[in-house]
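Protein chains: 2
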Amino acid sequence: MSAINEKPELHVVAVGNAIVDVIANSDDAFLKKHDIAKGGMTLIDEPRATAIYADMAAGIENSGGSAANTVACIASFGGRGGYIGKVADDDLGRIFAHDLKSLGIAFDATPMSGGPSTARCLINVTKDAQRSMATFLGAAGHVGPDDVSEDLVAAAAITYLEGYLFEQPVARDAFAKAGDIARAAGRKLAITLSDGFVVDRNRDALLEFIPQHVDILFANQVEAEMLFGVKAEALDDAARKLCPLTAITMSEKGSRLVTRDGPSVAVPAVPPAQLVDTTGAGDAYAAGVLFGLASGRDLETAGRLGSLAASEVISHFGARPQKDLKTLAEANGLL
Amino acid sequence: MSAINEKPELHVVAVGNAIVDVIANSDDAFLKKHDIAKGGMTLIDEPRATAIYADMAAGIENSGGSAANTVACIASFGGRGGYIGKVADDDLGRIFAHDLKSLGIAFDATPMSGGPSTARCLINVTKDAQRSMATFLGAAGHVGPDDVSEDLVAAAAITYLEGYLFEQPVARDAFAKAGDIARAAGRKLAITLSDGFVVDRNRDALLEFIPQHVDILFANQVEAEMLFGVKAEALDDAARKLCPLTAITMSEKGSRLVTRDGPSVAVPAVPPAQLVDTTGAGDAYAAGVLFGLASGRDLETAGRLGSLAASEVISHFGARPQKDLKTLAEANGLL
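Residue numbers (the working numbering), protein chains in the order written: chain A, 580 to 914; chain B, 580 to 914.
It is worth saying that the hints were derived from the structure and are not from the lab. In this text the structure is predicted, and so the values were computed from the model without any measurement. It cannot be assumed that every hint is accurate.
Same chains, same names: a pair is fine if it fits in one copy or spans any two.
[Said to hold, decoys possible] Keeping only pairs whose Cα atoms sit at most 30 Å apart, straight-line, the calculated DSS-like set for lysine-lysine is:
1. Lys680 to Lys617
2. Lys611 to Lys680
3. Lys902 to Lys617
4. Lys902 to Lys706
5. Lys832 to Lys706
6. Lys680 to Lys820
Let the hints inform the model, and build the full structure from the sequences given.
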C-alpha cells in the first residue's frame, strides 16, 4: 500500500448499518425458544423483532452498529470521522444520530419517512457473558448509492465499509460507488468481512469486489480462512494476492498485518485490565489501524493502536470506548 | 395504621411520571451553560430538552421514573405490582412499557397520540458522581382521573403516588380519585414528596391532601422539615398529627418510621458494597417498606427491606435493581 500523501479533511468515513442496541440479561432457554444463535448475530424481520422484544427482559438502549462503533473510536483517538448510514424518522433514529454528532462525527443523512423503522440489535446476554445478537435491519439496510456523498468520501483518507451491509444488493452498489470516488480522489478503501455468514453467503462476490476496489481488508482468522479457502500458513500468500494490506485478527493472540510489498507485521494483543465483554473488539481494532494509517503512522504503530483500542473496549460492557483513546495512546507512547 | 387484612391481588400500584432516562457524562461548565441545578431535578420544556440533548455527550437510555423504579423493585422482591402513567405512541413510550411489562407489572395505558412525546430525563453525570437531571415531562404530565383504573387501585394493598406528579393539576385530580377508590375498597394510599421543590411550591395543597387521603407518607429529612415547618425533634410530633405513618429517610443515617399509634421505629441503613450512584435510593427504599407492609410484615422488617433495596440500587449505575431483591432479602433473613 502506498502512503496517503495528500492531507485529507477527514481521517475515516465509515459506511455501515445504523443500529441502536437493546441489551438485556437472558438465559439459554430464551435463546433456544427464539432460535437465536448463541454468541452470533442472527438477522430477523420485524415480526420476529417484535416477538423477541416482547419476551425480553427489561434492558438498556445505546447506539451501536459495527462501523459506527469504529468511527466512534476514531473520534476518541482525536481523529476526524464521518458516517454514512440510514435511520428512520423515529426516536431511535434521533438517538443514533445524536450519539454520532455528539462525538463530532459528520453525519447528515436525511431520515427515511414512511418506511421501516430504525434498525435495532436485540442483544441477549447470558450468565456466561456471551452476547447473542438478533438484528432487525429496518431502515439501515436501505443504504444505497444516493447516500454516498462524493464530498464526504473524497474528503476522507480512508473510507471503511461494513461487511454486514454487503448482504444488501443496493448497499453493494453504494460500496462500489464509494470505491470509485475514493480511487478518483486518490483515497483508500477499506472493508471488514464482519462475520462468517457474510463470507459464506457472498464469497464469490467478495472475491470479485475486493481486488477491484479494496486497499485494506479486515478479517478475523475464521473469516479469512473461509474467504481464501486455505488454512493458517497459506493464508498470508493468498491475502497478498487479493489485497495490498490485510489485517487478520486472532483474538488474544493479536493480529497480523499482511502487506503485498513487504514482510508481515505481527502485532501482540494488549491484555485488558479485566475481560468483561468482547463485543466491539473488532470494531475498535479496525479504528486503531485505520486512524494510525490515516494519520501517517507506520504499520506496526497502527496495529498497536488497534490492539490498544480493542483492549479498552473489551474491559467494560458496550462496544464504544469509555476512556479517551487519545489519552490512552499517548500514555502508551503510541501517539 | 391498621393492618391490611384482606388478601389483595396486587401488593402495590404506583402512579407516576412515565420517563425514559438518557444518561451521559458531562461537566460543570455544561450544567452552567444550560442552567441545570447540580445534583437536582429541573423541569424543562421541549425546546430546552432539544437544545440540551443536542449539546449532550453520547449516552445510554433506560426506563426510569421515580414511582416506576419503585414498582420495578416491588417486582424484584417477588411482589405483584401495577403502574399508572402516560406515554406517547413513540419508541421511548414502547421502551418504557416494555421494561415494566417484562417485569410482570400490570401496565395497560393506551399511549397518547398527536400530543407531546414520551417524557425523558436528561441526566448529566459529572466527574464527582453527581447526577443532574433535566426532565421534559411531555406525555407523562397528562395523567388524569381517566387513567386511574378503579379495578387496579381496588386490587392493590397500597396505591403509591409520586409527588413529582402533584405539580400537575390534572394529576392531582387523579390522585384524589385514587384516594377515594382506595378508601372505598379498604386499601391504603401512600405518597412520596419526591423533591424539596414539590413541597416548596405545593405546601398548602399537600397539607390539605395528606390528612384527607394519605395513610403512608415518604419524605427525606429536608422535605419533611419543609413540609412541617419544624426541625429535627419536633418533626415526629408534627408527622403524627398529619398522617398515620410517616417514613423519614436520612441517607446513610437510615430512616425513622413514625406512627400515630405507637413508638417510632429507627431503621439503620445498609452500607452498600460500593457507593456508585445514589439515584433511585429513595425509590428503592419506598419499595421495601411498601412491599413489607403490603405482604403483612411488621414495621421494622418493612423498614429493613427498604434499607436493603436502597443499598443494592446505590451500589451501581441506574435506579433499578440489578440483583434479585427477593434472593437478597432471603439471604438477609428478611423474607
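(request) Classify it for me, lysine 902 with lysine 706: is the Cα-Cα distance of at most 30 Å met within a copy, between copies, both or neither? (result) Both: 26 Å inside a chain and 13 Å across chains, each within 30 Å.
(message) As a check of your reading, is lysine 832 near lysine 706 (CA-CA no more than 30 Å) within one copy, between copies, both or neither?
(response) within (25 Å within a copy, 35 Å between copies)
(request) Could you place lysine 902 and lysine 617 in one of the four classes (within, between, both, neither) given a Cα distance threshold of 30 Å? (result) both (29 Å within a copy, 24 Å between copies)
(request) First find the shortest C-alpha distance between lysine 680 and lysine 820 inside one copy, then the shortest across copies, and answer within, between, both or neither for a cut-off of 30 Å. (result) neither (39 Å within a copy, 55 Å between copies)
(request) Could you place lysine 611 and lysine 680 in one of the four classes (within, between, both, neither) given a Cα distance threshold of 30 Å? (result) The answer is between: 22 Å across copies meets 30 Å, while 38 Å in one copy does not.
(message) With identical chains, the pair lysine 680 and lysine 617 could be close in the same copy or across copies; at 30 Å between alpha carbons, which is it: within, between, both, or neither?
(response) Only across copies: lysine 680 and lysine 617 sit 25 Å apart there, 33 Å inside one copy, limit 30 Å.
Of the numbered hints given earlier, the model fails hint 6 alone.
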